[in-house]
Amino acid sequence: MRINDLTNWLDERLAISTLMHLADKKEVPVHRHSIWYYFGGMTLFLFCVQVATGILLLLYYRPSAENAFESVQFIITEVKFGWLIRSIHSWSANLMIATLFIHMFSVFFLRSYYPPREITWVSGAFLLIIVICFGFSGYLLPWNKLAFFATKVGTEIAGVVPIVGRPILRFLRGGDDVTGATLTRFFGFHVAVLPATATVFIGVHVALVQLHGMHVPKKYEDSYQRMKFFPNFILRDAIGWILAIGVLAALAALFPWELGEKADPFAPAPAGIKPEWYFLFMFQTLKWIPAKVLGMDGEVLGIMAFNLIALLLFIVPFIDRDPENRRRHLIFNICGVVALMYIVVMTIVGYVAK
Amino acid sequence: MKIENCKFQIDPVVSGVRLLKDGSRNLQFRVCNFQFAMAFLIASFLLLVLANAAFAQKKSSCIECHIKLDDTRLSAPAKLFDNDIHKSRGLSCNDCHGGDPNADKKEDAKNPSKGYLGKPKTLDIPAYCGKCHSDANLMKRFNPSLRVDQEREYYTSVHGRLLKEKSETRVATCISCHSVHGIRAPSDPLSSVYPSNVATTCAKCHASADYMKPFGIPSDQFDKYKTSVHAKALYDKQDLSAPTCNDCHGNHGATPPGIASVANVCGQCHSRQAELFQTSPHKKAFDDKQLAECITCHSNHAIIKPNDQMIGTQQGTLCVNCHSNGDKGFIAAGMMRSRIDELIASIDKSTAILKDAEQKGMEVSKPKFELKGATDALTHARVLIHSSSTAEVDKVVAPGLDAAAKGYQAGLAALGERRFRREGLVVSLVFILFLALLVYLKIRQIESRSASASNKG
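As you go down the protein sequences, you meet chains A and B in turn.
Residues 1 to 354 (the numbering used here) make up the first sequence, in order.
Residues 1001 to 1457 (the numbering used here) make up the second sequence, in order.
It should be emphasised that the hints constitute simulated quantities derived from the structure, not laboratory data.
One or more hints might be untrue.
Cut-off 27 Å, straight-line C-alpha distance, at most; resulting in silico cross-link-like pairs (DSS-like, lysine-lysine) [stated by the list, open to error]:
id: 1; chain 1: A; residue 1: K145; chain 2: B; residue 2: K1087
id: 2; chain 1: B; residue 1: K1119; chain 2: B; residue 2: K1106
id: 3; chain 1: B; residue 1: K1237; chain 2: A; residue 2: K145
id: 4; chain 1: B; residue 1: K1079; chain 2: B; residue 2: K1121
id: 5; chain 1: A; residue 1: K145; chain 2: B; residue 2: K1368
id: 6; chain 1: B; residue 1: K1456; chain 2: A; residue 2: K25
id: 7; chain 1: A; residue 1: K26; chain 2: B; residue 2: K1360
id: 8; chain 1: A; residue 1: K354; chain 2: B; residue 2: K1106
id: 9; chain 1: B; residue 1: K1106; chain 2: B; residue 2: K1140
Going by beta-carbon spacing under 10 Å, a handful of chain A positions derived as facing chain B [to be verified]:
id: 10; residue: L22
id: 11; residue: A23
id: 12; residue: W83
id: 13; residue: N232
id: 14; residue: A238
id: 15; residue: I239
id: 16; residue: A249
id: 17; residue: A252
id: 18; residue: P256
id: 19; residue: W257
id: 20; residue: E261
Interface residues of chain A toward chain B, partial, derived using beta-carbon atoms under 8 Å [unchecked claim]:
id: 21; residue: A15
id: 22; residue: S71
id: 23; residue: Q73
id: 24; residue: L235
id: 25; residue: I242
id: 26; residue: I245
id: 27; residue: A253
id: 28; residue: F255
Positions of the beta carbon are idealized from the N, C-alpha and C atoms, including for glycine.
Model the full assembly from the supplied sequences, consistent with the hints where possible.
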């Protein structure tokens, strides 16, 4: 009786039965490409892992040039299971970016951005930028040699952009050079600004997915089956998440994330500095681009091209909005395949290049 | 006051000279303050006159004539002088050689009545340079920090004594080392007495067997020096503080250090070793046997990098050259070597296990850093062997062994931790896979239930 009273009391205030009714009605389309639906949820799950492990790391991490490296060293050597938390945080970050790319390309090739899902795509594109910023800012936080110089090179690249480049560089670095001030503000972005922004965009993104439901490719519109979201789909999601925990645990135990040497701003840059793998294709492009292209500075041109591509990414659903336009459909498919091939090839080249 | 209808307007209010455009499109100069303009013109004129005077070359008929001569012996000084430090300080030919650089005729320029001295004889060169370089008051005008005792010191050197006492003109004088007419500051990398050029400069004479023959001294010093640890530091590592000829022999007072002073020479840099040697039993024994201290074991010009094989009781070690089985020195040498070997083995063992742990992904930078305590102890022990005291060596080897043992324990702990992680992973994976299996079975159960419900329906 008392439990019923409590349930009724809560229901009156939170409309739980209405929500449960909605959840009960929610269905997921089942067809040949349903597998791709899981990658959005997997990205979200890995984001939650990041939040949880990030909060634990915050208990010991100290964001200053004098203490950052030592505090991470303390976490992985002295704190009970600190090594596990730190390694999972690093591995999960990388897996999250990988699943995010898979999710984005699957959405692109399945044309899930067709009306009325344009805003869902745009919020996803914002989340891609936010996640990349998460990666870039988090990479510096252990204050090790590689991270220090990668940040130096990364921010220098940002500084090359005409007119706004220099102010952006100074804003990112907190001065003319990468110093403790850079570390402090990267920490601020990483644990406050970006999580807050990400939460808003994830909220919008997930809410829109609920509003519009899962997109069904045109080919299967007339022949697909349905699966209940609760519990059938969510339990399948759960299997993926449980296995993801297993993968993360295995990676952390077998390949603990290295700490390296403490950053020394006065030391010369070590040979063969490379950014994280998800920046490699851009890095390799900038390395290969000639110094001068049509009288323009090659590096500037390369950076502007990447900015333009990022802008195009945002407006994809506003250019390709007619499911009947087969010619445009083909052009977009070619562009997508070329972009994917380019990213894969240049990443491999960047990885093996000295 | 304003003058209307005139191209020049004088306005005492505005200062400066400006070009203006009026409504009728005529260009006008507005000169503000007439006095100011006049003062400006006079100042400009004076400036031109002064600049002309300053930039006018000081006449030197010596260079004007000599530079044109076909005989390279006579033209070279004029050409070389362009890079000479004396020229950069405002000195010219006549400041050393006398004469009149303003005279256009050779006879007038080289007139002895005008103080012309000509080329100095070899015997006179030290005094010739010393005219200025031994004069403290004069040198203050050019380089107050430069010493003025070079000439006096030179006459104490073997070179100087031979020149003065035996009128031996084949010996080195100022110009043999510093060159002549193209003299550069010793801090100039192109100078013949720049640290990395000193040995080559000395070798010009000292590496020539024919040249050294009359003096009865060997000529292999330079070849030997090139194989030494000092030369490697100087040439390979570009360490300009590494010793070259003059650092041990002196420069202006160049003399081979005698038996009694060798230790002092080496002790200028290796002060701790020299200090320990002075307190060791070797000191008295070396003095009694008239042995030169450092070089008896380390040699002089061909000083190789010291290694642990130099000490001990095995054949090939230096100790057995004097000590024989059973004597106190023999026993001490054996013990010191065995303690050092023990420390090296312990460090190697710890380094290997830490490296292994690191390669397996374990974070061991802290124990690796702490292991430096053991390597520092090893360095210290290698220095302490100059005391010839096993007890002194042991004082640093013992803590070194402790530090190395701690490093080894840290390595063992890291590998143990790695094992624990792997075992923990296996247990976790079993649990995780079991959980995934349970969820999978739940899905099947739900779906088979709903399928049978829909079949019934």
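Evaluated hints:
1. Under the criterion of a C-alpha separation no larger than 27 Å, the hint pairing K145 of chain A with K1087 of chain B is inconsistent with the structure, at around 50 Å.
2. Distance hint between K1119 of chain B and K1106 of chain B is fulfilled; the C-alpha atoms sit about 15 Å from each other, no more than 27 Å.
3. Pair hint K1237 of chain B plus K145 of chain A holds up; C-alpha atoms about 25 Å apart against a cutoff of 27 Å.
4. As the CA atoms of K1079 of chain B and K1121 of chain B are separated by approximately 22 Å, the hinted pair is consistent with the 27 Å bound.
5. Taking the CA atoms of K145 of chain A and K1368 of chain B, the gap is about 17 Å. The hint holds against a cut of 27 Å.
6. Between K1456 of chain B and K25 of chain A the alpha-carbon distance is near 21 Å, which keeps this suggested pair within the 27 Å criterion.
7. Restraint check for K26 of chain A and K1360 of chain B: not satisfied, since their Cα atoms lie roughly 48 Å apart, outside the 27 Å limit.
8. About 69 Å separates the Cα atoms of K354 of chain A and K1106 of chain B, which puts this hinted pair outside 27 Å; it is violated.
9. Only pairs whose Cα atoms come within 27 Å are accepted, and K1106 of chain B paired with K1140 of chain B is rejected, the gap being roughly 33 Å.
10. With its C-beta approaching chain B no nearer than about 19 Å, L22 of chain A sits outside the 10 Å limit, and its interface hint is violated.
11. Residue-level restraint check for A23 of chain A is violated (minimum Cβ-Cβ distance to chain B is 15 Å; threshold 10 Å).
12. With a least beta-carbon distance of about 7 Å to chain B, the hint placing W83 of chain A at the interface is held under the 10 Å criterion.
13. Interface hint at N232 of chain A: satisfied, since its Cβ lies 7 Å from the closest Cβ of chain B, which is below the 10 Å cut-off.
14. Look at A238 of chain A: its Cβ gets to within about 5 Å of chain B, closer than 10 Å, so that hint holds up.
15. Interface hint status for I239 of chain A: upheld, as the beta-carbon distance to the closest one in chain B is roughly 5 Å, under 10 Å.
16. The beta carbon of A249 of chain A comes within 5 Å of a beta carbon in chain B, closer than 10 Å, and the hint placing it at the interface holds.
17. About 8 Å separates the beta-carbon of A252 of chain A from the nearest beta-carbon of chain B, less than 10 Å, and the hint is met.
18. Annotation: P256 of chain A was flagged as interfacial toward chain B, and the flag holds, the nearest CB pair being 4 Å apart, inside 10 Å.
19. The beta carbon of W257 of chain A comes within 9 Å of a beta carbon in chain B, closer than 10 Å, and the hint placing it at the interface holds.
20. Taken as an interface hint, E261 of chain A checks out: its beta carbon lies about 8 Å from the nearest beta carbon of chain B, inside 10 Å.
21. With a cut of 8 Å, the hint placing A15 of chain A at the interface with chain B is violated, because the nearest CB-to-CB distance is about 26 Å.
22. Contact between S71 of chain A and chain B, as hinted, is not supported at the beta carbon level, the nearest pair being about 13 Å apart and thus beyond 8 Å.
23. Interface hint at Q73 of chain A: satisfied, since its Cβ lies 7 Å from the closest Cβ of chain B, which is below the 8 Å cut-off.
24. Interface hint at L235 of chain A: satisfied, since its Cβ lies 5 Å from the closest Cβ of chain B, which is below the 8 Å cut-off.
25. This hint holds: I242 of chain A has a C-beta 5 Å from the nearest C-beta of chain B, less than the 8 Å allowed.
26. Below 8 Å, beta-carbon pairs count as interface contacts, and I245 of chain A has one with chain B at about 6 Å; its hint therefore holds.
27. This hint holds: A253 of chain A has a C-beta 4 Å from the nearest C-beta of chain B, less than the 8 Å allowed.
28. Using the Cβ-Cβ criterion of 8 Å, the hint placing F255 of chain A at the interface with chain B is satisfied: the shortest such distance is roughly 6 Å.
Violated hints for the displayed structure, listed by number in ascending order: 1, 7, 8, 9, 10, 11, 21 and 22.
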